[in-house]
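A.B. asks: If you read the protein sequences in the order shown, they are chains V and P. Just so you know, the first sequence maps onto residues 136 to 616 in my numbering. Just so you know, the second sequence maps onto residues 136 to 616 in my numbering.
The set of hints was computed from the structure by calculation and includes no laboratory data. Just so we're clear, the structure is a prediction, and the values are computed from it rather than from any experiment. One or more hints might be untrue.
Stated by the list, open to error - 35 angstroms max Cα-Cα, derived DSBU-like pairs, lysine-lysine:
| no. | chain 1 | residue 1 | chain 2 | residue 2 |
| --- | --- | --- | --- | --- |
| 1 | P | LYS152 | V | LYS152 |
| 2 | P | LYS598 | V | LYS454 |
| 3 | V | LYS454 | P | LYS541 |
| 4 | V | LYS597 | V | LYS535 |
Number of protein chains: 2
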Amino acid sequence: MGIKALDYESLNENVKKVQYAVRGELYLRASELQKEGKKIIFTNVGNPHALGQKPLTFPRQVVALCQAPFLLDDPNVGLLFPADAIARAKHYLSLTSGGLGAYSDSRGIPGIRKEVAEFIERRDGYPSDPELIFLTDGASKGVMQTLNCIIRGEGDGILVPVPQYPLYSATISLLGGSLVPYYLEETANWGLDINDLRQSVAQARMKGITVRAMVIINPGNPTGQCLSEANLREILTFCYRENLVLLGDEVYQQNVYQDERPFISSRKVLMDMGPPISKEVQLISFHTVSKGYWGECGQRGGYFEMTNIPPQTVDEIYKIASIALSPNVPAQIFMGLMVNPLKPGDISYEQFVRESQGILQSLRRRARIMTDGFNSCKNVVCNFTEGAMYSFPQIRLPPKAIEAAKKAGKVPDVFYCLKLLEATGISTVPGSGFGQKEGVFHLRTTILPAEEDMPAIMSSFKKFNDEFMEQYEDNWSHSRM
Amino acid sequence: MGIKALDYESLNENVKKVQYAVRGELYLRASELQKEGKKIIFTNVGNPHALGQKPLTFPRQVVALCQAPFLLDDPNVGLLFPADAIARAKHYLSLTSGGLGAYSDSRGIPGIRKEVAEFIERRDGYPSDPELIFLTDGASKGVMQTLNCIIRGEGDGILVPVPQYPLYSATISLLGGSLVPYYLEETANWGLDINDLRQSVAQARMKGITVRAMVIINPGNPTGQCLSEANLREILTFCYRENLVLLGDEVYQQNVYQDERPFISSRKVLMDMGPPISKEVQLISFHTVSKGYWGECGQRGGYFEMTNIPPQTVDEIYKIASIALSPNVPAQIFMGLMVNPLKPGDISYEQFVRESQGILQSLRRRARIMTDGFNSCKNVVCNFTEGAMYSFPQIRLPPKAIEAAKKAGKVPDVFYCLKLLEATGISTVPGSGFGQKEGVFHLRTTILPAEEDMPAIMSSFKKFNDEFMEQYEDNWSHSRM
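This is chain V alone, in the form it adopts within the complex (with noise of 0.2 angstroms):
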């Protein structure tokens, strides 16, 4: 027999080329040292509950009574769920055709993508359009979506930060596109230079690419920052000017830790704008259910929302989402419970606002111990967690880990993550999974386990940081002892 078409050899290079380090060579190692009975603490991805964070308990008993509508008809059913709970459960019913086992329309029930409207055009201020909202099974598959539209072969581009975010690169590359990378400034609280971003563009154009689009995460991952309004003008300007769509990844909305740069929607500081910008600036914003206070991640909820996009061109996203039916229902009512909260007065009020402002402000905690932490080790430096869910601290790796890591055939910041995860099993991810500029090293751990477990976390990080640091400096007097 020939090769054949499963065998490795013959797939498609696409699929090969793509590279994806959030749950890659550690993400593995971490799986078989757990296998193995290793306790095995995973900083890896951006996954609250499975870190111990409670889903709050209002959208949860609401989905449950979805999942099982013969309980509303139980004469019991006051007794386990509050009336406000019950009441909503019968609301988002009422929106589905068959419940929560029907396919819903492949742009996700009508009534609530009426409420994320709604909910866009509170936190704007400006109208907003259900029918220019898509729900997505997270916001992931929005991002894929949409980047198939836009890319048309590997002579297409998209300006992509670096570090970023690897659902970006690994997207652009199964989709057989060109990444243009712009570098965000970790000196300048990785802040965002428009001439570096106009010089990247340039350096694209000279090898023939057209860069079609821009995609910004704010607040940043893995990097944290929020970006100020004037620095999203800029961008827009910019946009305008280059003739870009902008993807704005927007999923840690609720995630910010300081009081300086609140979060401000790419959309509101377009319409903000006024035209001919307004008015000409392809925009599309991604939401998710997966962060915030909720994390809840295995829902697989998300939105996103265009703004500019041709009516056409909706179709042909439409008809793209009609592949596989429709996203799923029980995330789609998360998504409405999300953007359609409590109100004071209503049963579940105190409890919800209690149990989510636990879940922000133990994070703002733990943001600061992190970056404390790192901060405190040798030749570690760290920006600090403005927003989102993550640390990405600096490792300053000496000449001797890198020659050490050279000879093991790893990569120095993998090699780096691999002897931390052994060592403490810490499951963090190589800095290279992210992009860094030549010679810089990095990692990223989440912001997320247990405030209580902080504290031995971060003393069993420093101690081997430390350990190693000593272990490879160019210590000469030490090494001759």
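Here the structure of chain V is known, so what remains is to put chain P in place on it, guided by the hints.
C.D. replies: What follows is chain P alone, placed relative to chain V:
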């Protein structure tokens, strides 16, 4: 401003090429009419709950408890949930790492993949490896991932039955591959003739296409036939000789309405054939929670199982699955419940059997009512629905109707289906959406409307059809009156 990246003119051509009739013109028109207040019977998609099928109680109880795990500590839980549902919820929660809100492994929860493997072993009599089973957001997503690995460009061909479920044609277009049709023979009860298959491959090769894979849908969609063991052996021998991956779409394996040809899996036949074929033919089989007597379409749960796929390729598929992090977790639990059902003696067993058998037996009766109904109509002939969820009658349109369609700028069967929709509210899919021989016309309808509504629907269809035929038949004497 010039053309922008998301203007229709500049979209990815593969996106524009995609056709997806199940949610196409007919569906859009039906949605409009519904908005205007007309009562629509949606038989365009196999979406049982949307047409009133009740979900099975036990799995819904289990998943509701998994969504609201705090209920498990409530002393009143026993008033609303039976003990076996409580035990099952605890079991599935123990298999997750963080409940339904945490991303699972991108391949799905290991413990549930093990239950799937045990199900396959019981079904086929051969062991199955959980490491070669991936859980997905519905079977469609698995098909799309697989084709993404196989298709490298337009020189790669995939053999697809015609008529076919348009997931295949749409995905092949989107990925830029070539669909190589093989025709099912309507007069032989939609059977598959290996000689035809050989001819299709030869013709594709003449055009320079490398045929890499073959799709079978068993039981058939839209055609409803069940493949015999002898036919499956021929197909597998053909795949062996021609070096083709076999994609076995077996999502309707529980939906069989005759006793002569029970469902038999491609994998069992492959294993039965022994070496070299059983060791050589690469097979990927798909299953779902959306069909059968479950009909849990909106939950989006599926799996695929890989046979004779090398580990390096499995790793690549794992990597691609990782980009979207994980399939939704609630649907993974539905899959667990489907493959590991209640056993005699369990508290909820009798109710479960009553509900599931009630659905299956009613579907069997409905398949018969529908076939008989179509065959009683003027110029309509219809094979019996042996399996799956669809009826696919041939509509013999008179020349005058074809002419009228041309005048209206419509494909003839689209013209007929639109008239049917306007007259009766029955929303079907024209046969041209699935592919059919030149000059032959069909429509697809599901057999899913409630059994008690069936007689009225079929007589409303008959009334429309017979009047339509009369109107367009070349009845000279009549037209001179």
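A.B. asks: Are the hints correct? Go through all of them and say.
C.D. replies: How the hints compare with the structure:
1. P/LYS152 <-> V/LYS152: Distance of about 26 angstroms is within 35 angstroms: holds.
2. P/LYS598 <-> V/LYS454: 33 angstroms, holds
3. V/LYS454 <-> P/LYS541: 25 angstroms, holds
4. V/LYS597 <-> V/LYS535: 19 angstroms, holds
In the structure shown, no violation is registered for any of the earlier numbered hints.
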